[in-house]
Amino acid sequence: MFARLSLLAAIAAAIVVGPMTRNAVADTFVFTAIPDQDESQLRTRFGKVADYLSKALGVEVKYVPVKSYSAAVTAFRNNQVQLAWFGGLSGVRARALVPGSQAIAQGKEDAAFVTYFIANTSTGLEESKEFPKAIAGKTFSFGEKGSTSGRLMPEYYIREKFGKAPQEVFSRVGFSGDHSRTIAVVQSGAYEVGALNYQVWERELKDGKIDTTKVRVIWRTPTYPDYQWTIRGDVDGRFGRGFTENVKASLLSMNDPELLKTFPRSSFIPAKNSDYDPIERTGKAIGLID
Numbered sequence: 001m002f003a004r005l006s007l008l009a010a011i012a013a014a015i016v017v018g019p020m021t022r023n024a025v026a027d028t029f030v031f032t033a034i035p036d037q038d039e040s041q042l043r044t045r046f047g048k049v050a051d052y053l054s055k056a057l058g059v060e061v062k063y064v065p066v067k068s069y070s071a072a073v074t075a076f077r078n079n080q081v082q083l084a085w086f087g088g089l090s091g092v093r094a095r096a097l098v099p100g101s102q103a104i105a106q107g108k109e110d111a112a113f114v115t116y117f118i119a120n121t122s123t124g125l126e127e128s129k130e131f132p133k134a135i136a137g138k139t140f141s142f143g144e145k146g147s148t149s150g151r152l153m154p155e156y157y158i159r160e161k162f163g164k165a166p167q168e169v170f171s172r173v174g175f176s177g178d179h180s181r182t183i184a185v186v187q188s189g190a191y192e193v194g195a196l197n198y199q200v201w202e203r204e205l206k207d208g209k210i211d212t213t214k215v216r217v218i219w220r221t222p223t224y225p226d227y228q229w230t231i232r233g234d235v236d237g238r239f240g241r242g243f244t245e246n247v248k249a250s251l252l253s254m255n256d257p258e259l260l261k262t263f264p265r266s267s268f269i270p271a272k273n274s275d276y277d278p279i280e281r282t283g284k285a286i287g288l289i290d
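If you read the sequence shown in the numbering used here, its first letter stands for residue 1, the second for the next number, and so on.
Some clues are possibly wrong.
Said to hold, decoys possible - Subject to a maximum C-alpha distance of 27 Å in a straight line, what follows is the list of computed DSSO-like cross-link-like pairs (lysine-lysine):
1. Lys214 to Lys138
2. Lys55 to Lys272
3. Lys48 to Lys261
4. Lys284 to Lys272
5. Lys133 to Lys248
6. Lys284 to Lys67
7. Lys62 to Lys272
8. Lys161 to Lys67
9. Lys62 to Lys48
10. Lys214 to Lys145
11. Lys108 to Lys284
12. Lys145 to Lys55
13. Lys108 to Lys145
14. Lys272 to Lys133
15. Lys55 to Lys108
16. Lys129 to Lys108
17. Lys55 to Lys284
18. Lys129 to Lys161
19. Lys108 to Lys62
20. Lys138 to Lys164
21. Lys272 to Lys48
22. Lys48 to Lys206
23. Lys161 to Lys284
No lab work stands behind these hints, which were simulated from the structure alone.
Construct the complete structure from the given sequences, taking the supplied hints into account.
Below, the structure is given as structure tokens:
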């Protein structure tokens, strides 16, 4: 009698524990991305990435949008997301907050990224290979406050060339919020000069969204490392041994031309934390990183 009850209890336990085990294995892997341009474009791009990673990794993968660069860093720190598409500066900040986190992949183009300085044509400023010191005294728009290409690097060169803070160089300084809006505010004349991610400019130019009779590129910065995929250091404990390497391999194997085109990147290549040491040094030099 007792043997039969023990057997029935064991079967019942197996029925209860079985689904719980499967749910643990099938935990959702969540990622986000800095909101560096129009939200609809980001949803299209990263919705496709989520589908790709779900198939490649064999787990449910979900993309969660955020409203700001700092929100992306906070979500990563709080383990609301386990993977993020960061810019150089936001990646450095996020990894400093989560021990063991790693930069695992970057776009081929991200190893040598560039910022464009643009100006409304009413200023009379023309493109030059030399830093355009004639921007002094004009109104100037950065992108988002935590942006590498739209704030960190342009501010670094402004401080280097003028020896003082942007607020002392320009008659008015603003932050548009993202690269697409930087183009819009300079093209409209709301700001005379601005700085942004070169890829957003090139894409919107190709798409016919830029009126080159109203706004033009006037200077291109030297290259620097920028965007990257960063993953938390504790994902193997949650999703299984080797999961980090599987995510990395999946990103490096992403070769769908249509998917790569949405970034836009020609391919993804390996990345490591030390690749972004120049960004950390620059951030500390101008006071954006403690």
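The hints, checked one at a time:
{"no.": "1", "hint": "Lys214 to Lys138", "verdict": "holds, 16 Å"}
{"no.": "2", "hint": "Lys55 to Lys272", "verdict": "holds, 25 Å"}
{"no.": "3", "hint": "Lys48 to Lys261", "verdict": "holds, 12 Å"}
{"no.": "4", "hint": "Lys284 to Lys272", "verdict": "holds, 20 Å"}
{"no.": "5", "hint": "Lys133 to Lys248", "verdict": "violated, 43 Å"}
{"no.": "6", "hint": "Lys284 to Lys67", "verdict": "holds, 25 Å"}
{"no.": "7", "hint": "Lys62 to Lys272", "verdict": "holds, 24 Å"}
{"no.": "8", "hint": "Lys161 to Lys67", "verdict": "violated, 33 Å"}
{"no.": "9", "hint": "Lys62 to Lys48", "verdict": "holds, 10 Å"}
{"no.": "10", "hint": "Lys214 to Lys145", "verdict": "holds, 25 Å"}
{"no.": "11", "hint": "Lys108 to Lys284", "verdict": "holds, 26 Å"}
{"no.": "12", "hint": "Lys145 to Lys55", "verdict": "violated, 35 Å"}
{"no.": "13", "hint": "Lys108 to Lys145", "verdict": "holds, 25 Å"}
{"no.": "14", "hint": "Lys272 to Lys133", "verdict": "violated, 35 Å"}
{"no.": "15", "hint": "Lys55 to Lys108", "verdict": "holds, 23 Å"}
{"no.": "16", "hint": "Lys129 to Lys108", "verdict": "holds, 24 Å"}
{"no.": "17", "hint": "Lys55 to Lys284", "verdict": "violated, 40 Å"}
{"no.": "18", "hint": "Lys129 to Lys161", "verdict": "holds, 14 Å"}
{"no.": "19", "hint": "Lys108 to Lys62", "verdict": "holds, 24 Å"}
{"no.": "20", "hint": "Lys138 to Lys164", "verdict": "holds, 15 Å"}
{"no.": "21", "hint": "Lys272 to Lys48", "verdict": "holds, 25 Å"}
{"no.": "22", "hint": "Lys48 to Lys206", "verdict": "holds, 22 Å"}
{"no.": "23", "hint": "Lys161 to Lys284", "verdict": "holds, 18 Å"}
Consistency with the previously given hints fails for numbers 5, 8, 12, 14 and 17, ordered from lowest to highest.
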